[in-house]
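The primary structure of each chain is shown beneath.
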Amino acid sequence: MSNFIEVRDVRKAFANHTALDGVSIDVPAGKVFGLLGPNGAGKTTLIRIINHITAPDSGSVTFDGHPLQANDVYRIGYLPEERGLYRKMKVGEQAVYLARLKGMDAQDAKRKLKEWFEKFDIMAWWDKKLEELSKGMQQKVQFVITVLHNPPLLIFDEPFSGFDPVNAELLKKEILQLRDEGHTILFSTHNMASVEEICDSIALINHSKVVLQGDVDDVRQRYKENTYQLEIPADAQFDPSWAEIVAHEHGGKKNVLLVRKPQDETNSQFVARLAQHTEILGFSEKLPTMDEVFLRAVLQEEIH
Amino acid sequence: MNKILIVIEREFLTRIRKKSFILLTVLMPLLIVGIIFVPIILSTLDSTEQQNVAVVDVTGKYAPLLQDTGAIHFETVPAMTAEMQTEDSPYTSVIQITDDLNQDSTAATIYSHKEVSPALSKYFNSVVSAQIRADRKAEYNMPNMDEIVAHCTVDYEVRTIKWTKDGDEKLSNSTIAGFVGMLFTFLIYMFVMSYGGMVMQGVMEEKTNRIMELMVSSVKPFQMMMGKIIGIALVGLFQFLLWGALIAIVLAVAGSFIHMGGSEAIPMAEAMSGGVPVPDSPGAEILQVVQGMNFTEIVCMFILYFIGGYLLFASIFAAVGASINEQADSSQFMTPIVIIMIFSLYAGIFSIENPDGPLALWCSYIPFTSPIVMMVRLPFGVPAWQLALSLALLYATALGVVWLSAKIYRVGILMYGKKPSFKEMMRWVRFK
Chain A
1 MSNFIEVRDV
11 RKAFANHTAL
21 DGVSIDVPAG
31 KVFGLLGPNG
41 AGKTTLIRII
51 NHITAPDSGS
61 VTFDGHPLQA
71 NDVYRIGYLP
81 EERGLYRKMK
91 VGEQAVYLAR
101 LKGMDAQDAK
111 RKLKEWFEKF
121 DIMAWWDKKL
131 EELSKGMQQK
141 VQFVITVLHN
151 PPLLIFDEPF
161 SGFDPVNAEL
171 LKKEILQLRD
181 EGHTILFSTH
191 NMASVEEICD
201 SIALINHSKV
211 VLQGDVDDVR
221 QRYKENTYQL
231 EIPADAQFDP
241 SWAEIVAHEH
251 GGKKNVLLVR
261 KPQDETNSQF
271 VARLAQHTEI
281 LGFSEKLPTM
291 DEVFLRAVLQ
301 EEIH
Chain B
1001 MNKILIVIER
1011 EFLTRIRKKS
1021 FILLTVLMPL
1031 LIVGIIFVPI
1041 ILSTLDSTEQ
1051 QNVAVVDVTG
1061 KYAPLLQDTG
1071 AIHFETVPAM
1081 TAEMQTEDSP
1091 YTSVIQITDD
1101 LNQDSTAATI
1111 YSHKEVSPAL
1121 SKYFNSVVSA
1131 QIRADRKAEY
1141 NMPNMDEIVA
1151 HCTVDYEVRT
1161 IKWTKDGDEK
1171 LSNSTIAGFV
1181 GMLFTFLIYM
1191 FVMSYGGMVM
1201 QGVMEEKTNR
1211 IMELMVSSVK
1221 PFQMMMGKII
1231 GIALVGLFQF
1241 LLWGALIAIV
1251 LAVAGSFIHM
1261 GGSEAIPMAE
1271 AMSGGVPVPD
1281 SPGAEILQVV
1291 QGMNFTEIVC
1301 MFILYFIGGY
1311 LLFASIFAAV
1321 GASINEQADS
1331 SQFMTPIVII
1341 MIFSLYAGIF
1351 SIENPDGPLA
1361 LWCSYIPFTS
1371 PIVMMVRLPF
1381 GVPAWQLALS
1391 LALLYATALG
1401 VVWLSAKIYR
1411 VGILMYGKKP
1421 SFKEMMRWVR
1431 FK
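In order, the protein sequence lines correspond to chains A and B.
Residues in the first sequence are numbered from 1 upward in steps of one, following the numbering used here.
Residues in the second sequence are numbered from 1001 upward in steps of one, following the numbering used here.
I should point out that these hints are in silico values taken from the structure, not numbers from a laboratory.
Just to be clear, a hint being listed does not mean it is correct.
Just a sample of chain B residues kept apart from chain A, beta carbon distances all over 12 Å, derived [stated by the list, open to error]:
1) G1070
2) I1072
3) Q1131
4) P1143
Far from chain A, some chain B residues (derived; all Cβ distances over 10 Å) [unchecked claim]:
5) I1006
6) F1012
7) T1014
8) I1016
9) L1031
10) L1066
11) V1116
12) F1186
13) M1190
14) F1191
15) S1217
16) W1243
17) E1297
18) I1307
19) Y1346
20) W1385
When the alpha-carbon atoms are kept at most 25 Å apart in a straight line, the in silico DSS-like pairs for lysine-lysine are as follows [unchecked claim]:
21) B:K1137 <-> A:K90
22) B:K1122 <-> B:K1137
23) B:K1018 <-> B:K1003
24) A:K90 <-> B:K1220
25) B:K1003 <-> A:K114
26) B:K1019 <-> A:K90
27) A:K128 <-> B:K1019
28) A:K129 <-> B:K1137
29) A:K110 <-> B:K1003
30) A:K110 <-> B:K1018
31) A:K129 <-> B:K1019
32) A:K102 <-> A:K129
33) B:K1003 <-> A:K112
34) A:K110 <-> B:K1220
35) B:K1003 <-> A:K88
36) B:K1003 <-> A:K129
Note that the coordinates shown come from a computational prediction; the quantities given were computed from them, not determined experimentally.
The beta carbon of each residue, even a glycine, is placed where N, CA and C say it ideally should be.
All chains, full assembly: derive it from the sequences and hints.
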């Protein structure tokens, strides 16, 4: 699998602080790549470097197999975190204008825009001035403009901020759809829940450094703590000395326990031992959520 | 290049479709014409209010001469009564003549509660003057008195003629030339100020609304800036063109009225002139002088200087707009620009008195003042080499400033945070 973007040892310092300190990431082609990290970690600076807005102090960026050039930005669809449109201009006219600046001809742009507007249910706003739209609707328009000209690389900086759950879901669906059509997608977020659902791989940046990188499933495996979720009847007596119970939760008809498996046991051995002591209603491996991975990675980083 | 065209198209179309643009473009010529013609029209209208004027004339010589005019009704009364002096008198004014005015010119007085109407005093003065003149002529008891007096009454006005290159004679008038110069000076000042300001507003809108962030992957900052500057310049030229057309139409209509009004005077004027064309009425004289000026040259120069001056100032405005984060921060950078503009405007105004003096000469070479000051000098005639030098200096400087501004703009438009200092902006120029 080839990488669409390869960032190697990039360093960028501003007057008062270092934004990126030897950052290297690989964004695989045709995948959704999540750039995670707390506020101020350096995500936006990295994105701006890939977008050729600012230049790194040192290090290199490879774009689709060659060193990044100014002209490469025309093959990127970039949805910045802080973004805006002309407030006094009509929505449709504005979208056509921006699409033309991206190199589409007016007729083509209009046709495609109408498709997208229908999909996002904002066709009724085509002839309205932008200032009449709600923030969420403006974001939909901005999203459409970003992806309209079909660039191979899409960069979304905090795409979900400001969206209600229904529209965030719609956006996720569209992002996955775009990936399936072959686009490479790089997006930054601190909303971990969205990461598990749509990211194929991630890089976690904290204090200007990459602290964790890789395939989402691999990362979660790496951070797993051998805990399993065990569901037993509410009236069952279960208090083994040989297994550590991490958490305990009483439900109506069943109790849900979080049990840590001893290091040397296989799953079957573990289940067999559990079954000797109690009726089992449910058993599943509990992988850490990205939230937990995030917290642990950041905490570890801070301890070191 | 294609992208600059798209930006130009948007900047041009969105602006000329604005209601404020359409209103201003249509109303401005009407307003100008209105300011000139409404007072003239109003002054010719008769006052509808009838004035009753009581005349107390002890000599009995003048009262019969006072004929009722449309607005004034004269009534001879034997003496001034106490009632006439009160507010509810039936007479608006009372004329009292106590002696022969040829002997004692202070013997007539007009009394009134309100301000005495100019029409009344003017009429009275002319009637009495004519009578006194007649009386005095009669005292000399000479034959042909009327002819002698007419011959001695002289109201001299020198005719000024400007030689054109091929020796033709053209009527010139320095007052009118000054007026035309001033008109174009104000126009260029207004255009550069308002359209330059528009550039800054537009750039600031793009920066504060963070539109530029969204466009950075599709258009280069330089294309954005040039597209905006050119687009807005076209709006300015388009407006100038519309105004020119509208004013030409209105003037043609007004001109035909002036010709009708002055038609009786023509035969006499022709009889008196010895072949040299003589203006037949004040309006026609202005038209003739205006026609005598090389209008094509003035308009072409106006457009050249407008483009040069606008490029110079608009690119500075664009760099300022890109560097600051909010409107309130603009004053620090705007003040020097405004001072230069106002200085050139005043230099222009003082140059009218002496259009070839050192102030006018130097200011019409210095690129920051030349677009404004040269406009004053143009109607008086400027040597071609001076125009060429001034234009070359202006355009060279303008291109240099555009280059510098583009460098500042490129960095500034995506830079947020605190207000930059001049020093910082100079660092942006070197930023690679």
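How the hints compare with the structure:
no.	hint	in the structure
1	G1070	holds, 55 Å
2	I1072	holds, 59 Å
3	Q1131	holds, 71 Å
4	P1143	holds, 84 Å
5	I1006	violated, 5 Å
6	F1012	holds, 12 Å
7	T1014	violated, 6 Å
8	I1016	holds, 14 Å
9	L1031	holds, 26 Å
10	L1066	holds, 66 Å
11	V1116	holds, 57 Å
12	F1186	holds, 29 Å
13	M1190	holds, 24 Å
14	F1191	holds, 23 Å
15	S1217	violated, 4 Å
16	W1243	holds, 25 Å
17	E1297	holds, 40 Å
18	I1307	holds, 25 Å
19	Y1346	holds, 36 Å
20	W1385	holds, 44 Å
21	B:K1137 <-> A:K90	violated, 82 Å
22	B:K1122 <-> B:K1137	holds, 22 Å
23	B:K1018 <-> B:K1003	holds, 23 Å
24	A:K90 <-> B:K1220	holds, 23 Å
25	B:K1003 <-> A:K114	holds, 23 Å
26	B:K1019 <-> A:K90	holds, 15 Å
27	A:K128 <-> B:K1019	holds, 17 Å
28	A:K129 <-> B:K1137	violated, 82 Å
29	A:K110 <-> B:K1003	holds, 18 Å
30	A:K110 <-> B:K1018	holds, 23 Å
31	A:K129 <-> B:K1019	holds, 15 Å
32	A:K102 <-> A:K129	holds, 22 Å
33	B:K1003 <-> A:K112	holds, 20 Å
34	A:K110 <-> B:K1220	holds, 23 Å
35	B:K1003 <-> A:K88	holds, 21 Å
36	B:K1003 <-> A:K129	holds, 24 Å
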